[in-house]
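Trainee: Sequence:
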Amino acid sequence: MCVENTPPPSGRLTRRGVFAGAAALAGTSAVLARAAPSASAAPGGPSARGGDLVVEGGRLLDPLTGEVTEDAVVVISGGVVRAAGPRSRVGKTAPSGVPVLRAHGKWVLPGLVDAHIHLNTAAEARDAVLKGATSARSGSTNFYQDVAVRELARQAPERAPRLRAAGIFVTPDLGDTILADPDLAPLARLRNGVRSPEALRRVVEINLARGADTVKTRVNERAGLPEQDPLVQVYDHEQLSTIVAAARRGGKGVLCHSYSEKGCHDAVTAGIRSLEHGAFVGERTLREMRRRGTYFTPTLTAIAGLAESSDPVLAERGRTYLPVLKRAVLAAHELGVPLAAGTDSSGGAVDPIGREVELMHAAGLSALDAIRTATTGAARLLGFTGTAGRLTRGHAGDVLVVDGDPLADLGVLSRPAHVVRAGFPVPAA
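Basically this note's numbering = 1-based index in the sequence shown + 116.
Don't take every hint at face value.
[Unchecked claim] DSS-like, lysine-lysine: derived pairs with alpha carbons at most 27 Å apart:
#1 K378 <-> K442
#2 K222 <-> K208
#3 K378 <-> K368
Quick caveat, the hints were computed from the structure, so don't treat them as lab data.
Hey, can you work out the whole structure from these sequences and the hints?
Mentor: Printed below as a string of structure tokens:
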């Protein structure tokens with residue numbers, strides 16, 4: 117049985133309905149109504165203006181160059197950096213009458229980027245910002261809640277990270293996700309799940325029709341479920357190529373959940389944009405990734421979390437996988453494969469993206485290179501170059517203020533003293 121003759125995904129009415137349902141599930145409906153009562157609820161509607169703020173007195177780190185500016189001033193107007201540099205040059209351009217965040221004795225960095233996170237609710241989105249992630253990429257949700265969170269970020273930026281939404285997971289067994297969209301209903305009759313070229317294309321097309329910015333799929337089973345074997349392959353090279361081709365027709369890239377070396381190689385050669393987890397990725401695949409510019413998002417935080425599980429299967433899996441993954445990260449870095457930091461936070465608990473930076477450093481990266489995986493590197497992967505990852509003129513006014521030198525102690529990134537999102541200081545409570 118196939119879905120070859122199913123008509124294209126229905127248009128704006130269903131898109132609005134799906135978005136409204138996703139917003140209700142994510143708990144963003146009331147917030148959006150208060151934040152922008154006259155704005156369209158449709159994805160891509162107008163964004164709220166950012167805040168005006170001057171951050172002054174701290175040591176400013178530029179992750180791109182590694183340059184540290186003493187007694188720096190960052191001027192943010194309308195949520196955008198208008199000037200940044202030493203007080204002697206920038207201080208005289210700071211406008212009067214705007215709020216000032218004093219950062220004397222502290223370090224100032226751009227807000228961090230979490231390139232793999234599952235945000236299902238407004239509360240999770242706000243928690244991610246409070247923990248330093250001012251930009252992010254979704255690793256998929258069950259009912260398009262990430263699309264709603266993305267719109268929340270546009271209308272009330274202090275409540276959510278700037279987000280690339282992935283919509284629903286392209287996976288053989290959709291489970292209850294079949295209820296996420298009326299156009300998915302015909303797939304419930306497929307005996308073998310979402311495996312045929314027609315079914316794979318269908319899920320991608322529905323995702324894109326509902327406003328997804330990227331497509332998430334898998335090549336292996338999950339590591340976080342004790343009954344599954346993460347080295348078992350669920351899609352082959354041809355199936356992955358079908359998913360990639362369908363995404364590319366919509367102008368989108370694909371991130372792929374992976375573990376085994378063969379699965380990683382199949383995914384990379386099929387043309388994915390980024391390899392997620394990838395514990396057993398081998399040198400031949402890493403070289404292919406460097407050649408193609410494929411990113412590696414290892415989610416070390418998630419694998420380290422398995423090692424702390426109360427389930428003995430998961431704990432053993434985490435203890436086994438983590439050192440292997442760390443070696444893969446260092447090998448990738450030494451070969452020139454671009455790395456992006458991602459926590460794979462899910463299930464209501466948000467891990468600080470700073471922890472992933474620490475684990476990148478523990479894998480063998482220098483402190484500055486580890487910071488780059490959550491700033492300039494991740495921003496490039498998400499298409500946020502020029503917006504996120506630096507605090508220079510024209511970049512977003514997303515700021516992290518920390519109590520110590522992150523180049524000496526990366527642990528300070530997990531304990532921000534202040535977070536600013538689009539020029540708005542984010543209150544802790």
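Trainee: Evaluate each hint against the coordinates.
Mentor: Hint check:
{"no.": "1", "hint": "K378 <-> K442", "result": "holds (19 Å)"}
{"no.": "2", "hint": "K222 <-> K208", "result": "holds (21 Å)"}
{"no.": "3", "hint": "K378 <-> K368", "result": "holds (24 Å)"}
Hint check: no violations occur; every hint is consistent with the structure.
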